[in-house]
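Model the placement of chain B on the given structure of chain A, informed by the hints.
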Amino acid sequence: MQQLVNGIFLGSIYALFAMGYTLVFGVLDLLNLAHQAVFMLGAFIGWLLAVEFGWPLWAAVIGAVAAGAILGLLIERIAFAPLRGRPDAHFAGLISSIALAIVMVAVALGIFGPQTLRFPPGSFPSARVSFAGATVSVLQLVILAVAVTMMLGLNWLVASTRLGRAMRAVAENPRAARVLGINVERVTLITFMLSSALGSTAGILFALAFNSIRVEMGLAIELKGLAVIIVGGMGSLPGAMLGGLLLGLAEVFSVARIGSGWRDVVAFGLLFAILLLRPHGLLGRKRVREV
Amino acid sequence: MADFVRTYNAVLVFMAINGVLAFSMYAVLIAGQLSLAQAAFASIAAYTSALLTINLGLPFPLVVVVGVSVGAIVALLLGLPVLRLRGVFLAIATIGFGEMVRIVALNLDITGGAIGLRPIPKVVTLWQAYLALALCACFFWRLRPSKLGRGLAALREDEVAARAMGIDVVRYKLFAFTVSGAMAGLSGVLFSHFTRFIAPGQFGFERAVEALLYAVVGGTGHWLGPVLGGGFLTFLPELQRQLGVEAGWLRPFYNGLILLAVVLFVPGGLVGLGRPLGVSRRRRFGAAEKAAPSVEAASPAGPSGNGPLVRLEDVGKSYGGLAALANVGFCVERGEVVGLIGPNGAGKTTLINIVTGLTQASTGVVEVRGTRLRRTPANRVTSLGVARTFQQTKLFAHLSARENVAVGGHRVARDTFLRRLVFVPGARRDEASDLARADRCLAMVGLLDRADEPAERFSYGDQRRLEIARALCGEPALLLLDEPAAGMNHVEAQSLADLIRSIAARGVTILLIEHNVRLVMRTCSRVLVLDFGRLIADGPPGEVARDSEVIRAYLGTSADQPSSVPEAGP
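Just so you know, the sequences run in chain order A and B.
Heads up, the first sequence is in the working numbering, so the first residue is 557 and it goes up one at a time.
Heads up, the second sequence is in the working numbering, so the first residue is 26 and it goes up one at a time.
Some hints here could point you the wrong way.
What follows is a set of in silico ranges between Cβ atoms, one per label pair, in the way DEER data are often shown [as the list claims (entries may be wrong)]:
1) Ile667(A) x Arg31(B): 35 to 43 angstroms
2) Ala683(A) x Val270(B): 44 to 52 angstroms
3) Lys147(B) x Trp611(A): 19 to 27 angstroms
4) Val270(B) x Gln671(A): 50 to 58 angstroms
5) Ala683(A) x Arg276(B): 44 to 52 angstroms
6) Phe809(A) x Leu160(B): 46 to 54 angstroms
Facing chain A, a subset of chain B residues (Cβ under 8 angstroms, in silico) [as the list claims (entries may be wrong)]:
7) Gly281
8) Val390
9) Ala422
In short, the hints are calculated from the structure, not lab data.
Note that the structure is predicted; figures quoted are calculated from it, not measured.
Beta carbons are placed, not taken as given, at the ideal position from N, Cα and C, and that holds for glycine.
Pulled out of the complex, with its shape left as it was, chain A reads as follows (with noise of 0.2 angstroms):
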């Protein structure tokens, strides 16, 4: 029981994080690999903003969100909108968003250091609750809760809105739905800055799970992310959410089962069995390819 508590609680950081991933790929077709950078400035930007300015912790949650929401302009602006109309732009993209990462990744290297950063003690409450068998700190189920909204409210906002509407037409086709008056440019901004504030709340959120900040905590979630999104499905917002649970789930129990060394395998050999059984993932949908 606790390990399913626990796998779901992971579960939901990595079901947030590939959300982000795989909005940006479903709308707009591109694959954006500076998110694991968003990641973890998102847990650094709430670190310094908690630690080093003493806001609040929901102030600071909030502030690492609105960042990351930033951070998603900049990447668009930096690493895509200059390929736009370019034929090779999906694999320059790929490159330039790579190339972004590892500038952020230095950027952060440089501002606060090799080191493994921690929130002092006393920072969160203490509390912790019992159910069933298992036993879960106040904290986790704030953090779950957070998840669990922003995951909520992003499907609702790509299934009923008319921006989510404009999201969908955009995906479907781009030309078409700029012909219909659809500011695709301004589609395109959006979904990268919700993409990223997504990747940002994950971010903190993991940071304030493990009470840890590294540098590289970035590195390892994207991989796991790839994985994610692939079983999902790429461009699937359920998908991502399904695929974030089960590999929560999926590395708790290896962890129980075979041992911590070789819980990452069970990640990547899902993402190997569903690259070459079903390409298009779990809930994905097949692409018509026209000739």
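This is chain B only, laid out in the frame that chain A set:
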């Protein structure tokens, strides 16, 4: 000089090792595949070779051979399932593979786990490292102008068109992947036998990105790119040290900035900045042109069987519930010029895709030159002597017109790469004759004077003619033209009609899809009409033009007003 070499020995060796790694990335990039498994191949080769040296004390040359082979074999085994994936999916799968290799190395006992392996004898000398680099460079120098190199470039530009030209895309990708694995393996062996110590962390995702960095910054347009990229980026930190600037974050910072700047502003990379290299290549092509002997007519080759060239029987194709074609049956006999007309969405392009193997019919029998097509890949159909053009032109945009056409000659060209690699003079003759054949086809469509220009610079009408030249270069028995006159004006269409007639006069059978009814009537000996996926007419042009059902399909009028189509007359 000797002092310089002694002082900077380590940096110079690393410049070469990283150059070799850059070549392994280059190998896949020139085929248009973004694979990030290079670090993993290097890692496997590094561990294997280090263990052989430490435990068995094998001589170094043998260890190199084993390491390179291991890299190549692993790449081949990974490539078999993974190369079906395209674009970002391939990148993700290879990233995942790299991560698995790292985790396995981290957890095995034999690899020393996180602590790594040491001490490995340091046996790599400066000249050995540069010999390895030179061998890689030589490989790609010889590769590019060969049939194989041209095919890889075509694959990078447009995979579907490459398949339609008869290129076995899977084999070509596997070749690129295997070469990449071999070179990554080489860099891994050199690395482990120079640094004396290896650990899983040295071959993680960062190292894979480094390989990408070297290759992209160096540039993928020329075989010197990886040498420049690997050398330059390995030398930079040394320069930084000389300047007395020490900061751990600085190196990734400027590496990232350089990569970003190159991707955004100089897609050609460092070699792209030095254009003069491109000129020498052009001169060589010029020489080939002159070496071409007197022009003999391009003639259709291949086995001449009896019976119809194309036979369709009861062919149907449905997408989901939508029937694009139903019960279509006809034959095309040798030497015919058959027109295929029909309103938009009638299934004309679907039909061509089925005949060329790009799609499979859902039902019915399709035979091309006596061979029944059952999930036969497009490249195999092409090798039967079928060539086509595309409704929306699919040229290899960055290749010159001559290279475009030469790729079209894939079916009849002889493989020259291995002979080129060891400088056998016959290879050169074969290449010259390939290019001469391409030039003859260019001359046929009147584009010979622009042979060196990249295809993307051609006007719409010229691109269509270039596609025809490319299709002709394979000396097909059957030529399928998919709306060649679309977007052409009256005069251009007139000269296209002349061109089609002259091709037919050489004995090439032609199936012409066209909306320009006048062009069809003027060039074809027989006309087929498709409407909503059904064949509604088949006969000589004059007869078809008077057919009441055809008139209804085209004009939507009822059959009792036939007088309203004067336009369709011959």
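Comparing the hints with the structure gives:
1. Ile667(A) x Arg31(B): 35 to 43 angstroms: holds (39 angstroms)
2. Ala683(A) x Val270(B): 44 to 52 angstroms: Roughly 50 angstroms apart at Cβ, these two residues keep to the hinted range, so it holds.
3. Lys147(B) x Trp611(A): 19 to 27 angstroms: Violated - the Cβ-Cβ distance for lysine 147(B) and tryptophan 611(A), about 53 angstroms, lies outside 19 to 27 angstroms.
4. Val270(B) x Gln671(A): 50 to 58 angstroms: With Cβ atoms ~22 angstroms apart, the hint is violated.
5. Ala683(A) x Arg276(B): 44 to 52 angstroms: Given range 44 to 52 angstroms: holds, Cβ gap about 45 angstroms.
6. Phe809(A) x Leu160(B): 46 to 54 angstroms: holds (49 angstroms)
7. Gly281: Since the shortest Cβ distance to chain A is 3 angstroms, the answer is holds.
8. Val390: Since the shortest Cβ distance to chain A is 22 angstroms, the answer is violated.
9. Ala422: holds (7 angstroms)
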